[in-house]
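Chemist: Sequence:
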Amino acid sequence: MTTRRRIIYLVLSAFWLSACALLGPDVAQRAVHVKVLVDVPFRARNAHWNDEARGLIEAASDFYEREFDLRLLTQSVHSWPEQERVTSTVELLARLQKEFPLQAKSADYDLIVAFTGENISHYLAAGRPRVDRIGNCAQGLGGYVVVPVRKVFNYRGPNLEPELDVIALIHELGHIFGAEHIEDIHSIMHVDFAYRSDFDRKNREVIRRNRLCPFAKQTNRH
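Count along the sequence shown from 1, then add 195; that gives the number in this note's numbering.
The set of hints was computed from the structure by calculation and includes no laboratory data.
Among the hints, a few may not be true.
What the hints assert, rightly or not - Cut-off 20 Å, straight-line C-alpha distance, at most; resulting in silico cross-link-like pairs (SDA-like, lysine to any residue):
| id | residue 1 | residue 2 |
| --- | --- | --- |
| 1 | Lys-412 | Arg-328 |
| 2 | Lys-300 | Val-272 |
| 3 | Lys-346 | Glu-378 |
| 4 | Lys-293 | Ser-316 |
| 5 | Lys-397 | His-381 |
| 6 | Lys-397 | Arg-261 |
| 7 | Lys-300 | His-228 |
| 8 | Lys-346 | Lys-293 |
| 9 | Lys-300 | Leu-268 |
| 10 | Lys-293 | Asn-314 |
| 11 | Lys-346 | Glu-313 |
| 12 | Lys-397 | Lys-412 |
| 13 | Lys-293 | Glu-253 |
| 14 | Lys-412 | Phe-295 |
| 15 | Lys-346 | His-228 |
| 16 | Lys-412 | Glu-253 |
| 17 | Lys-397 | Glu-260 |
| 18 | Lys-397 | Glu-378 |
| 19 | Lys-412 | Pro-296 |
| 20 | Lys-300 | Ser-274 |
| 21 | Lys-346 | Gly-250 |
| 22 | Lys-397 | Ile-329 |
| 23 | Lys-293 | Asp-303 |
| 24 | Lys-293 | Arg-280 |
| 25 | Lys-293 | Val-272 |
| 26 | Lys-346 | His-376 |
| 27 | Lys-346 | Glu-253 |
| 28 | Lys-293 | Glu-277 |
| 29 | Lys-346 | Glu-260 |
To be verified - Ranges between beta-carbon positions, derived for each pair:
| id | residue 1 | residue 2 | range |
| --- | --- | --- | --- |
| 30 | Glu-356 | Glu-378 | 22 to 30 Å |
| 31 | Arg-328 | Ala-299 | 16 to 24 Å |
| 32 | Asn-354 | Ile-380 | 19 to 27 Å |
| 33 | Leu-355 | Glu-279 | 28 to 36 Å |
| 34 | Glu-356 | Gln-298 | 35 to 43 Å |
| 35 | Cys-332 | Glu-277 | 31 to 39 Å |
| 36 | Leu-359 | Glu-262 | 16 to 24 Å |
| 37 | Gln-292 | Ala-333 | 13 to 21 Å |
Positions of the beta carbon are idealized from the N, C-alpha and C atoms, including for glycine.
Kindly produce the complete structure, drawing on both the sequences and the hints.
Modeler: Here is the structure:
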């Protein structure tokens, strides 16, 4: 007769094997090196803007590490633009691509994330977060993310539910790894991501499939 201890052992073993199967065998953690840029309004409202920017990346990294074994590492934080205010995320993205072209990208970082503190809505066309393109392995993953930050963020550890500005960053990073908008209102990839904090099954699989893809090294040519 099977003992109670053996039954418990078998059940726990099954759970452990199921968890491992989610990422597949021997999948190494991937480190994504991030260069962070912060604009004039972001810097103006918080004397510790460097720490705030690092905290936003850390909070998004906590989520991606738990879900996909992807670790975001902040390589550097810079003030940009130095003095001029740019009130549109569309224009910010265009300027990023012009002033930090992928052809000139150094080996120090994989991805540029720009935070803006302009008083713009996530839901307006000119103000919503955005990336340069939906990532895929054939062209290489996208190289730029622009995210409005509505209020000062204080990182308080890895176990708290993400705030809306962090969810916006998680959503856009999903695009970098190939996730697309979906009609599932419960998914973080719904266009109105609000306080959703989970990926739908389809986009989860896309990110898993693309998690080791190389980042693009040169500008798209159409």
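Chemist: For a C-alpha distance cap of 20 Å, please report whether Lys-346 and Lys-293 respect it.
Modeler: With a Cα-Cα distance of about 28 Å, the restraint between Lys-346 and Lys-293 is violated, given a limit of 20 Å.
Chemist: Lys-293 and Glu-253: Cα distance at most 20 Å?
Modeler: 27 Å, violated
Chemist: Assuming the hint says 31 to 39 Å, is it satisfied by the Cβ distance from Cys-332 to Glu-277 or not?
Modeler: 36 Å, holds
Chemist: Would you mind confirming whether the straight-line C-alpha gap from Lys-397 to His-381 stays at or under 20 Å?
Modeler: Holds, at about 13 Å.
Chemist: Is the straight-line distance between the alpha-carbon of Lys-293 and that of Ser-316 20 Å or less?
Modeler: With Cα atoms ~25 Å apart, Lys-293 and Ser-316 exceed 20 Å; violated.
Chemist: Given the range 28 to 36 Å, decide if the beta-carbon distance of Leu-355 to Glu-279 lies inside it.
Modeler: 35 Å, holds
Chemist: Is it true that the CA of Lys-300 sits at most 20 Å from the CA of Leu-268?
Modeler: Given pair Lys-300, Leu-268 holds - Cα atoms ~17 Å apart, limit 20 Å.
Chemist: Is it true that Arg-328 and Ala-299 lie within 16 to 24 Å of each other by Cβ?
Modeler: Hint holds: Cβ distance 18 Å, inside 16 to 24 Å.
Chemist: Does Asn-314 lie within 20 Å of Lys-293 when you go C-alpha to C-alpha?
Modeler: Measuring from Cα to Cα gives roughly 24 Å; hence the hint is violated.
Chemist: Per the hint of 16 to 24 Å, is the separation of the Cβ atoms of Leu-359 and Glu-262 within bounds?
Modeler: 18 Å, holds
Chemist: With the threshold set at 20 Å, check whether the alpha-carbon distance from Lys-293 to Val-272 stays at or below it.
Modeler: Answer holds: Lys-293 to Val-272 is near 19 Å, not above 20 Å.
Chemist: Holds or violated: Lys-346 and Glu-253, Cα atoms, limit 20 Å.
Modeler: Between Lys-346 and Glu-253 the Cα gap is close to 17 Å, so the pair holds against 20 Å.
Violated hints, in rising order: 3, 4, 8, 10, 12, 13, 15, 16, 26 and 29; the structure is consistent with all others.
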